[in-house]
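Trainee: Order-wise, the sequence lines are chains P and A. Going by my numbering, the first residue of the first sequence is number 1219, and it counts up by one from there. Going by my numbering, the first residue of the second sequence is number 1371, and it counts up by one from there.
Calculated from the structure, these hints are not laboratory results. Worth double-checking, as some hints may not be accurate.
Said to hold, decoys possible - Reference excerpt, derived from the structure (chain A facing chain P, CB under 10 Å, subset only):
| no. | residue |
| --- | --- |
| 1 | Thr1395 |
| 2 | Cys1408 |
| 3 | Asn1411 |
| 4 | Ser1452 |
| 5 | Leu1455 |
| 6 | Lys1508 |
| 7 | Val1512 |
| 8 | Arg1541 |
Here the structure is a predicted model, which is why all the values come from computation and not from measurement. For every residue, glycine included, the Cβ atom is placed at its ideal position computed from N, Cα and C.
Below are the chains, spelled out letter by letter.
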Amino acid sequence: MAGLTTVVSDPISGVGFTIGRYEVYGTASGASFSRGDVVQFAMDSNGNFSAFTAPSGTYGTAEDMYGVCLEDIASGARGRVCIYGTVEAYTYASASTPSVAAGGAGVPDANKNIEFLWTTTFNAKVVASICAAVATMSSTRTLRLVHFNGFSGWGGRSGGAG
Amino acid sequence: MSHVSADLQGPGSSLSLAETDVILTTTEAINRGQVVVCIPNSDGTFTTCRKTTVTSSIDAGVSASGTATNQFVGVAMHDAASGALLRIRLRGLVEVLAYSTNGTPQILTDNALVCSISTGTAGVLDANVTGTAYANAKIVGVATNAATISSATSTTTLRTVHFNGIEGWGRFGGT
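With the hints as constraints, model all of the structure from the sequences given.
Mentor: Spelled out as structure tokens, the structure:
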């Protein structure tokens, strides 16, 4: 199991920046997973994270920690998972076929996707921000580059429609 | 190109937040203290920025459909012409242009600030985070001291805040 520590800022060098990246090893529990699948880490009674499953809640309404598989991982096997950084993840929109602008926010769904146009869900955990605009986000799950933060999220939770 | 990640400064007898600065090319003229949006490239990197706008509330973390959006924002550390390199602060203590539209126009210590969506306030933070218009807005500033400032959108003032334009300090749940 990889230990999670405070991320350290790198020195400034040149023009531009990227979102730093954290990868951990985890064990696939109960199913096999593909590269780009969104997963939810299971916490043991000591507060450790070692195994992961498909996301269980609707849009992450419980306080769970998420990652994106960086490789195909068979059930019971260990594999690399990104918990923070720029990563290709499966994206999806169930409600319609929306146009998503760069910076559009996504939440984890139970089908291992980053879901966009998740309407007015309260308490959804904002874990992803898409890097490039998508003219038509369909219900066909597609790998796309996102800025991902499966632990603290990008600003935390949605307040719903207000 | 630098990487950006979370950090707390220490150890010591007090806590201060580590500062994260980056240099981007601005696509328009910017003044010190103005709030800018880091424009993502298709490969996920950031090399350019622009002022936050009020025509699209997506900069504040709010969408018309009621869902949250996310932008990475920073604060300009100096004046810069369009096309020039600009040092921006993504995290840490910084002076930022701010105002408040509440009834008693002031910023209180610990007030949360978000990117303004009020007309005429591009590139500034608003300390009046109330109502439904700001529901889901990403809180990017926390005021460090109280101050009486104008509520007029034309007279924004430099205020010192703890800033986090990457992860934010949570989101406003609306009322």
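Trainee: Min Cβ distance, serine 1452 of chain A to chain P: is it shorter than 10 Å?
Mentor: 16 Å, violated
Trainee: Holds or violated: is the Cβ of leucine 1455 of chain A closer than 10 Å to a Cβ in chain P?
Mentor: 6 Å, holds
Trainee: Are threonine 1395 of chain A and chain P close enough, Cβ to Cβ, to be under 10 Å, as the hint says?
Mentor: Threonine 1395 of chain A check passes; min Cβ-Cβ to chain P is 7 Å, inside 10 Å.
Trainee: Closer than 10 Å between Cβ atoms is the bar; does valine 1512 of chain A clear it against chain P? Give me holds or violated.
Mentor: 14 Å, violated
Trainee: Take the shortest C-beta to C-beta distance between lysine 1508 of chain A and chain P; is it under 10 Å?
Mentor: Since chain P brings a Cβ to about 4 Å from lysine 1508 of chain A, closer than 10 Å, the hint holds.
Trainee: The hint names cysteine 1408 of chain A as touching chain P; please verify it with the least Cβ-Cβ distance against 10 Å.
Mentor: Hint on cysteine 1408 of chain A: holds, closest Cβ of chain P at ~8 Å, below 10 Å.
Trainee: Regarding the hint that asparagine 1411 of chain A lies at the interface with chain P, is the smallest CB-CB distance below 10 Å?
Mentor: 7 Å, holds
Trainee: Report holds or violated for the interface hint on arginine 1541 of chain A, using the least CB-CB distance to chain P and a cut-off of 10 Å.
Mentor: Holds: closest Cβ of chain P sits about 5 Å from arginine 1541 of chain A, inside 10 Å.
Hints 4, 7 from the list above are not met by this structure, while the remaining hints are.
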